[in-house]
Amino acid sequence: MFGCECFYRKKMDLLPLSDPEPFSLPAPLPQWPHGQGFASGKLNLGELEVVKISRFKFIWSSNLEDKKIGVTFYKPVGIPDGFYILGHYCQSNDQPLRGFVLVAREAPSKSEAADFSTRVTSPALREPLDYTLAWKSNDGSEGSLEGCGFFWLPQPPEGYNSVGYLVTSSKKPKLDNVRCVRADLTDRCEKYRVMHSEFSFRVWSTRPYHRGMLGRGVSVGTFSCISDSIPGLELPLSCLKNLDPSLHGMPNCDQIHALINHYGPTFFFHPDEIYLPSSVSWFFENGALLFRKGDSVGEPIDVGGSNLPSGGCNDGEFWIDLPSGDQRKTIKLGNLASAKLYLHVKPALGGTFTDIALWIFCPFNGPATLKVGIMNIALNKIGQHVCDWEHVTLRICNFTGELWSIYFSQHSGGVWVNAYELEYTQGNKAIIYSSRNGHASFSHPGTYIQGSAKLGIGIRNDCTSSNFYVDSSTHYELVAAEYLGDGIVAEPGWLQFMRKWGPTIVYDSRTELDKIVHVLPVMLQSSVKNIFDKLPVELYGEEGPTGPKEKNNWVGDERG
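Numbering-wise (the numbering used here), the sequence shown opens with residue 590 and increments by one.
No wet-lab data here; the hints were simulated from the structure. Treat each hint with caution, since some may be false.
[Stated by the list, open to error] Below are the BS3-like pairs computed for lysine-lysine, each with C-alpha atoms no more than 30 Å apart in a straight line:
id, residue 1, residue 2
1, Lys970, Lys1043
2, Lys1104, Lys970
3, Lys1104, Lys921
4, Lys646, Lys760
5, Lys921, Lys1138
6, Lys631, Lys763
7, Lys646, Lys763
8, Lys921, Lys1043
9, Lys882, Lys1104
10, Lys631, Lys646
11, Lys780, Lys761
12, Lys1043, Lys1138
13, Lys918, Lys780
14, Lys1043, Lys1118
15, Lys918, Lys970
16, Lys970, Lys882
17, Lys882, Lys918
18, Lys664, Lys760
19, Lys1118, Lys1138
20, Lys921, Lys882
21, Lys1140, Lys970
22, Lys1118, Lys1104
23, Lys970, Lys763
[What the hints assert, rightly or not] What follows is a list of derived Cβ distance ranges for each label pair:
id, residue 1, residue 2, range
24, His846, Asp719, 49 to 57 Å
25, Gly1082, Pro746, 28 to 36 Å
26, Gln620, Leu1044, 21 to 29 Å
Glycine residues also receive a C-beta, built at the ideal position from the N, C-alpha and C atoms.
When you get a sec, could you build the whole thing from the sequences and use the hints?
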């Protein structure tokens, strides 16, 4: 059990000087074009109407002596009349206040979404029957509750689910302080990232289990927690579910263009980059060829890709390759003047956010550079391949139109970066740094190691600004937004090509790597060999990538 000697705070030390101000983007938001529900402040989920609250009042902190350690718990304030709290908010102390919780009420008029759920007459929201004390920072042995935190899980009525915890600094909260949600209006929730772990008390952020373009799970913004000292009390939370088939909070075409004009990031390429991007049409116009299995002669590709086979799957029957001779050398270098970003716009988190995936195309991906301590070894072929598709994804809040975060794709993985961690230029336009030769995306300049950064061994990803850049706010093409309906966005023919954008060439790259290992000091050989064994298999041969529509994240959520 935990005594106050671990978490107790004197009252005079516990109270903050003022309630925190939420993070704001560098520049004010514009007036978005008129639409249906986008940036209206409220969203209809079918039988529920929800509002995002991002202003909070302090409740309790796990550590106020060092404001860079621990987490703080808040309750939402400024709740509109008729709306109810669903749970409290938690945030790490080493970050600016940047988060939200949803508050809800029954929708003023039931939408057609009710036809898609079980027809019931019970209310969408109800008070809990009681609370379960999930954890407390004071075991009560010292008699005083002052300065301690108590975590309460609502006990829902039958047929209802809890979607968040409440936190108090003393007694049990009143039953009318929170609402539980009817089960058919909720979806499965999962723990996401560990926010705090101290002794046997752990706190996680949460997210919907069903995500991606077709997922209808809606994040409430609440947290999950567990205490090992009180076993069996970690009851599962749910998230909300959007049952409105129209997804009325998503932006229309005019709003999409306004969003990219306002937020479109600038992509900077390394000053020593040789293999620059181009438009797809420039690539086709300048000699790209379509090959078919069994044929040694390639077919020129129409500028719009109309003669590319569409649909199907990556069955190895067709692939794209470069021309031969001097034309091959020229096309590999790309054409920065023609380069643009290709936009795929889709719902995220049940249509409460919009994901704008920005795809950039390079005719060639250059060979890698290996870093071993202070040594840098330029590899001959390893890492190179014909054609390269890379992307970043802007996540936009549909309640307000705010940029919330950006996903940076990095070879076989990637990472979400919060808006407050980004670099900006020209107002709210973020900076994207593309790594030399490999074109992986990063949020800050520097050298990033794919391998072991601790040992300084792995593939280098060098990023910095230069005169080589593409401004996506003006150089872009909207290629897909399925939620708008058939025919609203004309998808280019090349987007339907599901095969490889580049040939598959197998060679013994391990021989080159083994030669490197053998010339290293004996003390490094084992570590370097282990790291080589963990590098992606695509480094050990040449294999062109599939196009954007064949990627998992076209329909699914981003990794990370």
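Now the hints, each set against the structure:
{"no.": "1", "hint": "Lys970 - Lys1043", "verdict": "26 Å, holds"}
{"no.": "2", "hint": "Lys1104 - Lys970", "verdict": "14 Å, holds"}
{"no.": "3", "hint": "Lys1104 - Lys921", "verdict": "28 Å, holds"}
{"no.": "4", "hint": "Lys646 - Lys760", "verdict": "18 Å, holds"}
{"no.": "5", "hint": "Lys921 - Lys1138", "verdict": "23 Å, holds"}
{"no.": "6", "hint": "Lys631 - Lys763", "verdict": "27 Å, holds"}
{"no.": "7", "hint": "Lys646 - Lys763", "verdict": "18 Å, holds"}
{"no.": "8", "hint": "Lys921 - Lys1043", "verdict": "34 Å, violated"}
{"no.": "9", "hint": "Lys882 - Lys1104", "verdict": "35 Å, violated"}
{"no.": "10", "hint": "Lys631 - Lys646", "verdict": "22 Å, holds"}
{"no.": "11", "hint": "Lys780 - Lys761", "verdict": "25 Å, holds"}
{"no.": "12", "hint": "Lys1043 - Lys1138", "verdict": "36 Å, violated"}
{"no.": "13", "hint": "Lys918 - Lys780", "verdict": "49 Å, violated"}
{"no.": "14", "hint": "Lys1043 - Lys1118", "verdict": "15 Å, holds"}
{"no.": "15", "hint": "Lys918 - Lys970", "verdict": "15 Å, holds"}
{"no.": "16", "hint": "Lys970 - Lys882", "verdict": "24 Å, holds"}
{"no.": "17", "hint": "Lys882 - Lys918", "verdict": "24 Å, holds"}
{"no.": "18", "hint": "Lys664 - Lys760", "verdict": "15 Å, holds"}
{"no.": "19", "hint": "Lys1118 - Lys1138", "verdict": "35 Å, violated"}
{"no.": "20", "hint": "Lys921 - Lys882", "verdict": "23 Å, holds"}
{"no.": "21", "hint": "Lys1140 - Lys970", "verdict": "25 Å, holds"}
{"no.": "22", "hint": "Lys1118 - Lys1104", "verdict": "11 Å, holds"}
{"no.": "23", "hint": "Lys970 - Lys763", "verdict": "67 Å, violated"}
{"no.": "24", "hint": "His846 - Asp719: 49 to 57 Å", "verdict": "51 Å, holds"}
{"no.": "25", "hint": "Gly1082 - Pro746: 28 to 36 Å", "verdict": "55 Å, violated"}
{"no.": "26", "hint": "Gln620 - Leu1044: 21 to 29 Å", "verdict": "52 Å, violated"}
The structure fails hints 8, 9, 12, 13, 19, 23, 25, 26 (numbered hints given earlier, in ascending order).
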